[in-house]
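Peer 1: Read off the chains here:
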Amino acid sequence: MSKEEYNPKILGFLCNWCCYAAADAAGVSRYQYPPNLRTIRVMCTGRVDPAFVLRGFVEGADGIFTGG
Amino acid sequence: MVEAGRSPNIEILTNADLLSLKGKAGNFKADIVQRPRYIIADDCTACGLCTTYCPRHQVDDYNEGLNITRPIHIDYPQAVPATYYIDPRSCLHLTHETCQICVPVCQSKAIDFSQKPEERTLEVGAVIMSPGFGRIPEDTLAKYSFGKHPDVVTSIEFERLLNPSGPFTGEVRCLSDNRHPHKIAFIQCVGSRDIGCDNGYCSSVCCMYAIKEAMVAKEHDPDAEITIYYMDIRTQGKEFDAAQKRAEDKGIKFVRAKVADVMPWGNHLRLTYSTLDGTHSFKPFDMVVLSVGLESPPDADKLADMAGFKLNKYNFCDTDTFAPLATSKEGIYVAGAFNGPMDIPESVTQSSGAAGIASGLIKKQRGRGIIHKSYPDEKELGDEVRIGVFVCHCGINIGSVVDVPDVSNYAGDMDGVVYYTESLYSCSQDAQEVLKEKIKEHDLNRVVIAACSPRTHEPLFQETLKDAGLNRSLFEMVNIRDQCSWVHANEPGAATDKSKDLVRMAVAKARHIQPLPEQTVPVNKTGLVIGGGIGGMTAALNLADQGFNCSLVEKQDSLGGNFKTLSHTKKLIDLVKKNKLVTVYTDAQLQQTNGFVGNFTSIITSGKGAKVKEYTLDHGVIIIATGAREHRPETVLGNTIKYSKKVVTQSELAEQLEGKGKNRAPDSIVMVQCAGSRGDDLNYCSKTCCTTAVQNALRVKEINPDSQVIMLYRDIRTYGYAEDLYQDARQKGVLFIPYELNNKPVIAEKGSKLSVSYFDPILQDDVSMSPQMVALSVGMVPEETDTLSKLLKVPVTADSFFLEAHVKLRPVELPVDGVYVCGLAHSPKPINEIIVQAQAASAKSAMPLVKGYVTVDPIVSNVDKDICIGCKLCTSLCPYQAIQMVKDENNRPKAETIVASCKACGICASHCPTFAISMGGFTNEQLNSQIQAFGQAVMEKETEAA
Amino acid sequence: MAKATKSREGTVMVLGGGIAGVQAALDLTDLGYYVYLVEKSPAIGGVMAQLDKTFPTNDCSL
Amino acid sequence: MGMNALVFNVLKEIGINPDRFSLQWASAAEAPRFVKLITEFTGKVKELGPLGESEGIGADELQTKLEKGLAAVSSRKVRMVFGNTAKTIRKEGIFTPEYINGIIEEKLNKAIVGALSAEVEEGKPAASEKKGPPAKQDAETKGAQKTATKTKPASKKPAGKARKKAEPAAKKKAPTPKKKTAAKKSPAKKKTTAKKK
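Protein chains in written order, with this note's numbering: chain A, 1 to 68; chain B, 69 to 1014; chain C, 1015 to 1076; chain D, 1077 to 1273.
The following block holds chain A by itself, in its conformation from the complex (with noise of 0.2 Å):
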């Protein structure tokens, strides 16, 4: 699979109140960005526990990002 093929897959835990909140603000001023990430809602950064990112990395995550 040569490079630009390569579609990484991103999962996100993004907090309710601040990430979360800020993706919804960047749909609403329709700012574009790339498909990658698939979102997990938490409450806080808080609820995110080592074992959720590391299960990430074990389901084949290829990056994880985890948005307070």
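These are calculated hints, taken from the structure and not from any lab test. There could be a bad hint or two in this list.
[Unchecked claim] Computed list of chain D residues with no C-beta within reach of chain B, every gap over 12 Å:
1) E1089
2) I1133
3) D1136
4) S1150
5) S1151
6) R1166
7) G1178
8) E1181
9) G1190
10) S1193
[Unchecked claim] With a cut-off of at most 20 Å between alpha-carbon atoms, the simulated SDA-like pairs for lysine to any residue come out as follows:
11) C:K1067 x B:T982
12) B:K318 x D:K1153
13) D:K1153 x B:T982
14) B:K858 x D:A1105
15) B:K441 x C:E1023
16) C:K1067 x B:V70
Idealized CB from N, CA, C, for every residue including glycine.
With the hints as your guide, set chains B, C and D onto chain A.
Peer 2: For chains B, C and D alone, kept in the frame of chain A given last:
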């Protein structure tokens, strides 16, 4: 609209006209007549069969006459109440006693031509007038050949063209030959700022909606060339300038010119206009949109003399600056565009304020008319997981990018999914009925909705689940609009894949969702108002009027804030002092606040020097009214400024003019607008400086008629009725000269003489002069909001004003429940808007106090006693002290949640060594299954790509 | 002829079912009052219901 | 507190490039910042290439290493040390990244390396995937079911008693759906869902 439709305490009387209104505050008698719908509302299933069979054609007013419909129809599928009606003006049977084809066609026999007008008398305690605004008469549009050429449309017609339920299902087409318009022109101030049709006021909203319509048109057709012809761009609201800047970046051209006329030119249109530098230009356009203003409602006079209140000279409702929602008749209040042309956020704020005052007026009768809504009892969950998936089009918002049918079918064959479908607008009332039916029909016990953001619409769907007998936690929402179709607009394939993944992850989580009981906590029925200016005092007085006591905390040693000298402020101060329900703390500072809506405890210090005392206050709600102060920039438009007797700000000039000094009005003065604002130092518009500057200019001319007053401006934003002041100033000889950012005026001080030089676009030459005074129209900055935002954990915008929960739907509430904001702390605004916001804030804050209890979101933490090893880590890590150790039956320490103060952040759960703690709605198992479902996406992707 | 007039204490009449009328009605029910929402056209929503999107957030106007 | 430092450590021990995990902040009003963060992170991950490839680890070896990492952060020993370190950070009140990374490195590195190597003795790579010893796993799932249904009003009554009453109902309801749905689910992937029960 949906909420109003289903609230048991709102009786919607459509097709109804007011016949008479008599009585006094607290006891009015209103006679109304309800014109017949000729359809029995409860039986009509809105199936649409009758419209297909009806032979008669009729112009569709809802689509501004751009479309044809039938006498028996519904305006739009999401209408509330969702029933059809027959238009008596065109129905063959009602006009010629013939036809009646629809009667046998209707399956549910809902058509009943025997219906007669019904008169009813309503006995009410108070009345709120919100009849909205009227349309600009067509003859004022004639000079732009409106009606002579089909492609000259009004802005509301253009809005219908843009709307997916419009005549061309959302495609913008010329009405002359159906082609896509490539060059579109917007002409501003049509029917406003126009003494010709005695609409001398500015309608305040046209600049903003023109920009919005241009942006949406650009979204439909990215290479459309759109030009807006304007006199002043008036985008003075909060974040409005940012929207204008975004429009410019998107390639929308703004030309400062008044368009003389629009001539049909074959299929095209030719615009003739002249710009400031005197050059005449003719430009061809495919379509011309007239940004029509807002007129007073057509039946304003009838309403006024029926109810006995006065109208102002423009036939809008006459109100006083310091009582902007009260009409001249006690007990009758006004809200919305009938008060004066305004935008939606302002109308919403006014209606909340009017509701608050009305509730204060008849607080003795509160709660007597109320029907308490009862929900069917929660049905027992079967063992089998039966999930329903509903994928939404949201008009074109999702449907135009994401292949909704594909996503819906994809969801269909997932484990546990027993029903899947799509809907055009899943948040509309008819879709909610479908949702309820499907839950019953397929015995669904979990619902997944793929639509917009749960942050805005989760409560709406949860309410429908409760109505269908399902626990409201058995619900998961997938955001495929704000975080998918809107942000991956030009990658439909990737957006569809992403939607499928997100739906699969949501279904994976849904399989593990459990019903969670709702908890309620009692409310402490008092308020805390921070800031004792006009806003704070009005809010405190209104809370007291509604029967709740509150404490008012003022930083300085006396109440009054920025407008201390005004007579109205003095009146407010002694009203506050006399009111038994309001306790005032001066020289007071908020030290600490914790707790949550309904149960806050705050510590404040009050008193000066040695006598500083500390008070602990228990209260249910907080209203922030900390106001703002004048911004004194060091440099203005690149010139360093030394404030002196000769170089003053507008407020200093106003003070000087109020004084008694003989030559207090200078012989020559230059006023500089946007001094330190709109990108110069602050990057927002402070909304009031133009009006204050023009008032000062008039005051100078009044005292010293032959003085020379010159105002250098970028846009004169005297919106609403203030336009009359601008008109008056020009007639009195005040010179208004626009400057551009690329050719800024130069202000310098040589010795004792001032020198100002600028480029005059009309003379097309540089002018320099040495005025006696220079007045800088400076903006305002919020009073140190950072400390308060940290104390109350509420967000502030980039300009450090408080960030409201939603600019239109919840303009005076902050994202943190129980905390409200009003006045200059929210954004710069004139006094009447401060008072309206204060009244709205006190109305909204009274709601939890009226209800008496607050439901706690069931997403709090819970501890499994078997697994907990009592290591006490969670109690030390919890930022809200919401978890404590208790002894279990054999005396071993176990952790336990304090449900009332838990904020559901989940730190305890993620740090618990033995995974003993789980969060309601975000359990370890649910999140793990979501991650696992995400994993499957990788597998499919690789196989495709490999 | 007219339906029995429901004389009822604690009620407010809101004349006009546009965004202002609907918002006032919703707030009044939260403040504990019964509301008669009188609208002259066959459906509530007023002009806002005709709009496609509304500034400044550009989200849908329903 | 320090969760990202712990994850960096574990990833470094396994040999995965820590840049693949990013912890950022963007407030509700900072939409442009959020978009910048996501675009940059996607670009960086695209540069790094698929997981394992840029780190030169074969697919199978990568899988076992990752699962060992997961087991490490789920083991009670590592989590206990992590919890106490977080407690000290909070008590010290110093939240600079350097300090947090330093103290996590110092306290946890030994425990992580120990946990990673410890897997080899147990010799049950598949079993070790499970979060902690199996007994805990079942209790945890049942626990999650029970606790979810039994949240009760804030009354101070000790939880034990209330749980008795609620338990029978929960037990009847909770386990059966688990078994049925899980059995039906038959993902093709090698990672069996056995670890769920």
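Peer 1: With reference to the structure, classify each hint as holding or not holding.
Peer 2: Checked hints:
no. : hint             : result
1   : E1089            : holds, 20 Å
2   : I1133            : holds, 16 Å
3   : D1136            : holds, 15 Å
4   : S1150            : violated, 8 Å
5   : S1151            : violated, 9 Å
6   : R1166            : violated, 6 Å
7   : G1178            : holds, 19 Å
8   : E1181            : holds, 18 Å
9   : G1190            : holds, 15 Å
10  : S1193            : holds, 20 Å
11  : C:K1067 x B:T982 : violated, 50 Å
12  : B:K318 x D:K1153 : violated, 56 Å
13  : D:K1153 x B:T982 : holds, 10 Å
14  : B:K858 x D:A1105 : holds, 16 Å
15  : B:K441 x C:E1023 : holds, 19 Å
16  : C:K1067 x B:V70  : holds, 17 Å
Violated hints for the displayed structure, listed by number in ascending order: 4, 5, 6, 11 and 12.
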